[in-house]
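Numbering follows our numbering, with no gaps: position 355 of the sequence shown is 356.
Calculated from the structure, these hints are not laboratory results. Predicted model only: the values in this text are computed from it and were never measured. A few of these clues could be false.
Mimicking SDA-like on lysine to any residue, the simulated pairs with C-alpha atoms at most 25 Å apart in a straight line are [unchecked claim]:
1) Lys64 x Gly96
2) Lys64 x Pro99
3) Lys127 x Gly168
4) Lys391 x Trp16
5) Lys64 x Trp16
6) Lys64 x Leu80
7) Lys391 x Val436
8) Lys127 x Arg110
9) Lys391 x Ala418
10) Lys456 x Glu429
11) Lys127 x Ser75
12) Lys456 x Val430
13) Lys127 x Pro245
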Amino acid sequence: MTLAARDRVLALTSWHHDWSGLRVAVLGLGVTGFSVADTLCELGSRVRVIFGGVDPDREQLLKVIGAEQAQSLSDAVQLESLREFDPQLVVVSPGYRPDHPLTVWAEQRGTVVWGDIELGWRLRDKTDRLADWLCVTGTNGKTTTTQLTAHMLRAGGLRAAPVGNIGVPILDALRDPQGYDALVVELSSFQLHRLGEISPYASVCLNIADDHLDWHGSSRSYREAKAKVYEHTQVACVYNRADPATEQMVEEADVIEGARAISFGLDAPPASGFGVVEGILVDRGFHAARHNEAFELVTLDELAERSLQAPHLVQDILAASALARSRGVEPSEVAQAILSFHPDPHRAQRLGIFNGVIWIDDSKATNAHAADASLRALESVVWVVGGLLKGGDLSDLVRDNAHRLRGVVVIGSDRTAVLEALLRHAPEVPRIEVVPGETEETMTLAVAAAASLAKAGDTVVLSPAAASMDQFSDYADRGRRFQAAVRVLGGGDAGDDDTSAEGRGSKQ
Numbered sequence: 002m003t004l005a006a007r008d009r010v011l012a013l014t015s016w017h018h019d020w021s022g023l024r025v026a027v028l029g030l031g032v033t034g035f036s037v038a039d040t041l042c043e044l045g046s047r048v049r050v051i052f053g054g055v056d057p058d059r060e061q062l063l064k065v066i067g068a069e070q071a072q073s074l075s076d077a078v079q080l081e082s083l084r085e086f087d088p089q090l091v092v093v094s095p096g097y098r099p100d101h102p103l104t105v106w107a108e109q110r111g112t113v114v115w116g117d118i119e120l121g122w123r124l125r126d127k128t129d130r131l132a133d134w135l136c137v138t139g140t141n142g143k144t145t146t147t148q149l150t151a152h153m154l155r156a157g158g159l160r161a162a163p164v165g166n167i168g169v170p171i172l173d174a175l176r177d178p179q180g181y182d183a184l185v186v187e188l189s190s191f192q193l194h195r196l197g198e199i200s201p202y203a204s205v206c207l208n209i210a211d212d213h214l215d216w217h218g219s220s221r222s223y224r225e226a227k228a229k230v231y232e233h234t235q236v237a238c239v240y241n242r243a244d245p246a247t248e249q250m251v252e253e254a255d256v257i258e259g260a261r262a263i264s265f266g267l268d269a270p271p272a273s274g275f276g277v278v279e280g281i282l283v284d285r286g287f288h289a290a291r292h293n294e295a296f297e298l299v300t301l302d303e304l305a306e307r308s309l310q311a312p313h314l315v316q317d318i319l320a321a322s323a324l325a326r327s328r329g330v331e332p333s334e335v336a337q338a339i340l341s342f343h344p345d346p347h348r349a350q351r352l353g354i355f356n357g358v359i360w361i362d363d364s365k366a367t368n369a370h371a372a373d374a375s376l377r378a379l380e381s382v383v384w385v386v387g388g389l390l391k392g393g394d395l396s397d398l399v400r401d402n403a404h405r406l407r408g409v410v411v412i413g414s415d416r417t418a419v420l421e422a423l424l425r426h427a428p429e430v431p432r433i434e435v436v437p438g439e440t441e442e443t444m445t446l447a448v449a450a451a452a453s454l455a456k457a458g459d460t461v462v463l464s465p466a467a468a469s470m471d472q473f474s475d476y477a478d479r480g481r482r483f484q485a486a487v488r489v490l491g492g493g494d495a496g497d498d499d500t501s502a503e504g505r506g507s508k509q
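Start from the sequences and build out the full structure, keeping to the hints where you can.
Written out as structure tokens, the structure is:
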């Protein structure tokens, strides 16, 4: 690739620049990949989408928008198509690992490689209504915090939307002709790896624990990716007082002069912090007299009435409050939003009580950190666990929660590692292994096994600490099947057969 061609691409920093005729290869045809192709075709670029799995609907749409396409399950065939196309720019969907042959080839030859977030930052000025970006990452709690922050911003009279890894491509929002005052951007570690030099209005890393090590290669690389969320933040870097790594990220970040560090936690907050005092969530971050006073937001009792009292949810609420307050939402508006908020299904979703046993669907707990938060909120647990561990180790999770386990049902393809952790750290706890068979049978067998272990006063929780794609299409499919089996057990009274989380199998 010539230096002049590279310079042309790097100079494209506006929707209103000349993108016409630019040869762009888009890797992947998921939700993100299609949004990239659609956007660049609208701008007049020549686009070739290179992808693996067959997707008849999106393939037809590519023809409609005028994009070329190259489908093959073979990396070698895909690479040959990429070479033949000779792209000036490659835009990579989040799931492509750094060592993927196509991205390695592009980078070695000097081709510009972006993710969808960097492309979105460069195209954010399509309308005169230039949105502020409030960026959210963390090992767990991202989606709840992103949704709640957007809900708070709307309560404050702003036109706002949750976008990014939450399932709504950022490019779709940026092309809305009405524009937005603010976008709350959920960022996975995959997206952060190729973030580029964006400048968020405010940012947060909710927590950090090892995850996706199979993708990043090491804990260090994973944490370095997460830390990028704070770079070039303009107004507020929000961090978790209970997680020193997030504070260190803020301390080491290169931020815009004047940006403030705002903490959150379940304890009484210091000045410039959000926390809990005598059962009341309070804001000492944006009170003019924050060294001596605080704004009261909501009480823990009010959260309990809405099943939002679990510690990890309270942390998410405090983080979202800090982000919204940084953008000028009033404390009363924040409180109004909290008390009218309903979290997504499959996140600590209580399904009902049958024969004195509480049933909870926490299918969204796809790693050990999320499952630990779920288990710590309970006392006497029959735990449904397992799936794809993604290189994670459950030893600490089992050891720390062994005293609350009354029984364990192990599902999924990576059962050996789960069973070994149980034998080592909870050998006395009864356990039942559900051997993978037909997907339709797995949850029926798991629920029946859990019911056989549970007694009145126990809680059965599906909190897998693992990804779902070994047996299910995504975590929502896993949760729906669990809820369906529980409904049969309870005579049809448990949960809702939700379909709102379709298509998020790539979520982190």
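Flag every earlier hint the structure violates by its number, smallest first.
As far as the earlier hints go, 2, 4, 8, 11 and 13 are violated by this structure, in ascending order.
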